[in-house]
Each structure stands twice: as C-alpha cells, then as structure tokens.
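So in the working numbering, spot 110 of the sequence shown is number 110, and the numbers just go up one at a time.
Misleading hints may appear alongside valid ones.
Across the chosen pairs, the derived CB separations fall in these ranges [to be verified]:
id: 1; residue 1: V103; residue 2: T186; range: 55 to 61 Å
id: 2; residue 1: V85; residue 2: D121; range: 19 to 25 Å
id: 3; residue 1: L110; residue 2: R184; range: 28 to 34 Å
id: 4; residue 1: R47; residue 2: E112; range: 50 to 56 Å
id: 5; residue 1: R47; residue 2: L110; range: 18 to 24 Å
id: 6; residue 1: K190; residue 2: E83; range: 31 to 37 Å
id: 7; residue 1: R184; residue 2: G107; range: 47 to 53 Å
Hints in this document: simulated from the structure, not taken from any laboratory.
We treat Cβ as the ideally placed atom computed from N, Cα and C, and that holds for glycine.
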Amino acid sequence: MSLLGLPSPSPSVGPTGFSLENYPVAVNVVLGLITLASVVVAILARRDAHRSARATEAAARAAETSASVAKQAFDASMAPQWEAVGATQVDGSGQIAVGIRLVGPPGLNLLERIWITVWGDEHLRPWDGEPLTMEQRAEAVWGPYKFSPGFEREASLGHVAGPFAMVRGAPLVLDMQRSDPPPRYTNVTKWRKRYEITPIRLLISVERATGHEDLVILEVRNPDGTRPRMRRL
Numbered sequence: 001m002s003l004l005g006l007p008s009p010s011p012s013v014g015p016t017g018f019s020l021e022n023y024p025v026a027v028n029v030v031l032g033l034i035t036l037a038s039v040v041v042a043i044l045a046r047r048d049a050h051r052s053a054r055a056t057e058a059a060a061r062a063a064e065t066s067a068s069v070a071k072q073a074f075d076a077s078m079a080p081q082w083e084a085v086g087a088t089q090v091d092g093s094g095q096i097a098v099g100i101r102l103v104g105p106p107g108l109n110l111l112e113r114i115w116i117t118v119w120g121d122e123h124l125r126p127w128d129g130e131p132l133t134m135e136q137r138a139e140a141v142w143g144p145y146k147f148s149p150g151f152e153r154e155a156s157l158g159h160v161a162g163p164f165a166m167v168r169g170a171p172l173v174l175d176m177q178r179s180d181p182p183p184r185y186t187n188v189t190k191w192r193k194r195y196e197i198t199p200i201r202l203l204i205s206v207e208r209a210t211g212h213e214d215l216v217i218l219e220v221r222n223p224d225g226t227r228p229r230m231r232r233l
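Using the sequences provided together with the hints, build the complete structure.
This is how it looks when you write it as structure tokens:
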C-alpha cells in the first residue's frame, strides 16, 4: 500500500499494465524471428559473395580466352611464307643447288633460326610390304635427294641442315646430292626409279620469339620438272 492507501504497482508491470514475464511464448517467438532473420541475411550475403566470385572468375576466363584467341590470330597472320626458287644441277654429278626464299608476310623481315629436314616418304611406303622400323628409317633419306656432306647438321646422315638465318627476299641455297639406298637395298637403279618423279620435300621448322613454332613442308622442283608446292602443318 502507498502512503495514500492505494495499491503499489508491481515492479514487473509497465505503466500500461503489460508485462513481458506474462508472455514467455511471445518473447521466444520474437527472439526466434530475430535469429531467423540473422541467418537469412547471412545466407543471402554468402550467396551474393559466391555470385560475385563466380562472376569475377568468368570474367577472368573470358579475358584469358580472348587474349589466347588474339595471340593465335597474330601468330597465324605472321606465319612465314616460303617460295621454292628451284633446283639446279651442278655439272651432271648428281649434286644440285636448291633455292628457297622467305617471301612474307609483310612485317616479317627476319627469322633468326630455322631448321630444314628432308621429308621422306618412309612413313608412306612400306619395305616389301612391311612397315619400316625406326632403325630402318634412320638408315637412309627416303627421298630423291639429301643434304651434302659438310652442309648437313653433324651426324644427321643428310637428313637435317641448320640453323640458318633468313632475311625476307634473300634466297638460301642448299647443297644437296642424290640419296643413297639403305644397306639392304642393293638395287640402286630401282631406288633411283622409285624417286624419279618425286619432288624434293623440305620440312622447314621456325621457332619464333613468341614461343610459337611454324612447320611447313615446301616442295621443290625435282630436276625432272615436278611442280613445287607449299603445305603448312
């Protein structure tokens, strides 16, 4: 009782007569809703973060792909272009001088290192109906001509020559001679007949500063008059 004789208000009751202690279920519901809202906000934030990360990764992949496509297009546009000058016999000795020339594209004026390999047909023509072994392939240059001694790469048996530097427009003259049959192929006349209408095929390998390697097979006119061509690998 108060001094005036009136009942004193309960300490747990507000001025309006409402007490949270009288509604424990409502309190739990409110707290539960607050917790649920916090969880939902956290989930949405994590989802947005994942979406942002995926979008960043996709943009990076797209940029990398675009750069790769641009590099490939540039490499293709700067691929060396070759021309066969021809093959001239030297004094009827079986020696020939084979000329090749770098003719393009515009902007490509110098190649610092090229290698040239005689591209034979050992992978196309079996020996007496049987595929050749690697040892048999290495026994000879399986084409009409090979590089002359002293001009070839050391220990290549006439297969490979180089490295050479090439300036656009300036011919490179290669010293070559008739190829010899492998040891077990004793019929030299038959060997010559085998290649009498075969062009001289040269595999030109160029490794450029960009790390890209160009491979081209250039067909040079055989002294019998076969027509030259160029095939890019």
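Cross-check of the supplied hints:
One distance hint, 55 to 61 Å for the beta-carbon pair V103 and T186, is violated here, with the actual separation near 42 Å. The given range of 19 to 25 Å is respected by V85 and D121, whose C-beta atoms sit roughly 23 Å from each other. Take L110 and R184: their Cβ atoms lie about 44 Å apart, and the range 28 to 34 Å is violated. Here the CB-CB span from R47 to E112 is close to 55 Å, well matched to the stated 50 to 56 Å.
Between R47 and L110 the C-beta distance comes to about 56 Å, which lies outside the given range of 18 to 24 Å. Our hint of 31 to 37 Å for K190 and E83 holds, since their Cβ atoms are close to 33 Å apart. R184 and G107 have their C-beta atoms about 50 Å apart, which keeps the hinted 47 to 53 Å range intact.
In summary, the numbered hints that this structure violates are 1, 3 and 5.
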